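Number of protein chains: 2
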Amino acid sequence: MARYQIILAYDGSNLWGSQRQANRRTAQGELETALRQLGWQGRSVLMAGRTDTGVHATGQVAAFDLEWSHRPEELVKALNSHLPADLAVRGVKRTREDFHPRFDARSRRYRYRLYCQEVRDPLRERYAWRLWPPLHAEGLYAVAQLLHGTHDFAAFGTPPRPESSTIRTVMQAVWRQQDDEWTFEVEADAFLYRMVRRMVYLQVAVGQGKLAAQAIADVLASKPGIVLPAGLAPAHGLTLLEVTYPE
Amino acid sequence: MARYQIILAYDGSNLWGSQRQANRRTAQGELETALRQLGWQGRSVLMAGRTDTGVHATGQVAAFDLEWSHRPEELVKALNSHLPADLAVRGVKRTREDFHPRFDARSRRYRYRLYCQEVRDPLRERYAWRLWPPLHAEGLYAVAQLLHGTHDFAAFGTPPRPESSTIRTVMQAVWRQQDDEWTFEVEADAFLYRMVRRMVYLQVAVGQGKLAAQAIADVLASKPGIVLPAGLAPAHGLTLLEVTYPE
Numbered sequence: 001m002a003r004y005q006i007i008l009a010y011d012g013s014n015l016w017g018s019q020r021q022a023n024r025r026t027a028q029g030e031l032e033t034a035l036r037q038l039g040w041q042g043r044s045v046l047m048a049g050r051t052d053t054g055v056h057a058t059g060q061v062a063a064f065d066l067e068w069s070h071r072p073e074e075l076v077k078a079l080n081s082h083l084p085a086d087l088a089v090r091g092v093k094r095t096r097e098d099f100h101p102r103f104d105a106r107s108r109r110y111r112y113r114l115y116c117q118e119v120r121d122p123l124r125e126r127y128a129w130r131l132w133p134p135l136h137a138e139g140l141y142a143v144a145q146l147l148h149g150t151h152d153f154a155a156f157g158t159p160p161r162p163e164s165s166t167i168r169t170v171m172q173a174v175w176r177q178q179d180d181e182w183t184f185e186v187e188a189d190a191f192l193y194r195m196v197r198r199m200v201y202l203q204v205a206v207g208q209g210k211l212a213a214q215a216i217a218d219v220l221a222s223k224p225g226i227v228l229p230a231g232l233a234p235a236h237g238l239t240l241l242e243v244t245y246p247e
Numbered sequence: 001m002a003r004y005q006i007i008l009a010y011d012g013s014n015l016w017g018s019q020r021q022a023n024r025r026t027a028q029g030e031l032e033t034a035l036r037q038l039g040w041q042g043r044s045v046l047m048a049g050r051t052d053t054g055v056h057a058t059g060q061v062a063a064f065d066l067e068w069s070h071r072p073e074e075l076v077k078a079l080n081s082h083l084p085a086d087l088a089v090r091g092v093k094r095t096r097e098d099f100h101p102r103f104d105a106r107s108r109r110y111r112y113r114l115y116c117q118e119v120r121d122p123l124r125e126r127y128a129w130r131l132w133p134p135l136h137a138e139g140l141y142a143v144a145q146l147l148h149g150t151h152d153f154a155a156f157g158t159p160p161r162p163e164s165s166t167i168r169t170v171m172q173a174v175w176r177q178q179d180d181e182w183t184f185e186v187e188a189d190a191f192l193y194r195m196v197r198r199m200v201y202l203q204v205a206v207g208q209g210k211l212a213a214q215a216i217a218d219v220l221a222s223k224p225g226i227v228l229p230a231g232l233a234p235a236h237g238l239t240l241l242e243v244t245y246p247e
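In order, the protein sequence lines correspond to chains A and B. Residue numbers are given in this note's numbering: position 103 of the first sequence equals residue 103, and the series is strictly consecutive. Residue numbers are given in this note's numbering: position 64 of the second sequence equals residue 64, and the series is strictly consecutive.
Bear in mind the hints are in silico, worked out from the structure with no lab data behind them. These numbers come from a predicted model, not from an experiment. Some hints could be false.
The list treats identical chains as one, so a pair stands whether inside a single copy or across any two.
As the list claims (entries may be wrong) - Within a straight-line C-alpha distance of at most 20 Å, the following computed EDC-like cross-link-like pairs (lysine to aspartate or glutamate) qualify:
| hint | residue 1 | residue 2 |
| --- | --- | --- |
| 1 | Lys223 | Asp104 |
| 2 | Lys210 | Glu138 |
| 3 | Lys77 | Asp121 |
| 4 | Lys77 | Glu67 |
| 5 | Lys210 | Glu242 |
Next up, chain A with everything else stripped away, as it sits in the complex:
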């Protein structure tokens, strides 16, 4: 028996998020079903990050203990032959016995994709949020800067347990534009629930001239009396790219 760490990718369109739920297709549930085909008898795999219904992943990380006498590369093939088309294991390695993909993680990196078009584009709808009117580039670049560093992100999401800390450290928060497409890439030590979707929603409000960047700056500086507009960017534009670990 050894512990394995895997990189899991999925198209979240037809999944009820990452965490197992009774009678619903989830990333964890599908992975556990595939593992059972290989003789796994564990109770539950460990997942690094919780992703909402509809959110995608190229770099989710999971871990489990398995009796496996072949090489790790053979485990990739075996798992993928049992996983449905919208999930795939992209890599496997043996890891230490007490490795925990969530608690040991150093950071998570997400990408949000959107495009600015007046009319919907069926070939991009699945993985990107359509916005109209277009965004002001300067506004977006400036507001992303505000997110860097260690702040109380209470206005941006809810913590895993009601009383726990809402302070997080953002190492990277960058918008990139190519033609009518925008991507927002953000890396933090950890995220509150729905924090990336909320970040995108609020930044887009600034980019569309509906919200002053100063309001976001004030909230992050914990100024009292500031209320940011409610709302979330839709799940289908979001992808969990990577979970990083100390060497």
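Add chain B to chain A, keeping to what the hints say.
Leaving out everything else, chain B in the frame of chain A:
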């Protein structure tokens, strides 16, 4: 009553191709259903290009006669409000009464997308063909050159009617690579059935070292006795980008 020319985009994943079929979802069928909601009583819309089951489009062209008292932009909105999520009208203009999107077309442009990865990537599977081992760039660039110009493409597809010509003129045939992704863009006056998928399949065979480029050169030069391997690149990597018309 006036004739309108529209640009139609669709995700072909859940369509049985472009042409109407009884009891099956097709691009033409869905468009006609939406048009009927606007009072259209025609027998059949005219379509520029025939796309196979699973093939996508960003620039399919259709035409129909309609009584429409509002501006053409309003027609875009009205049609899109009746079309399902996997189809959208991207533009409309009034055109001359005898305009025919197929017979009047000067050229068609397609793009084929593929990526080279040993393990499948669920976020790209829908719109790209996964290939392994990787392709040799020089082989591909060279073989694409062979396709340029006017040739008998009988080995590349079947004509619309059994006795009609298999001679076509290719104006553009170019591979581009970015990281592990490849796209093939090809423009011709017209295409035989399945010609783009066959072109991709044969070029990939060259790029993987399974077929000599000379065999393709010989077939295009109508040398007798050359038999190319049978096969087609899968439909889901292919997108009809544009149909062009004389000014």
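*Go through the numbered hints given earlier and state which of them the structure violates, listing their numbers in rising order.*
Numbers 1 and 5 - these are the hints that the structure violates, sorted from lowest upward.
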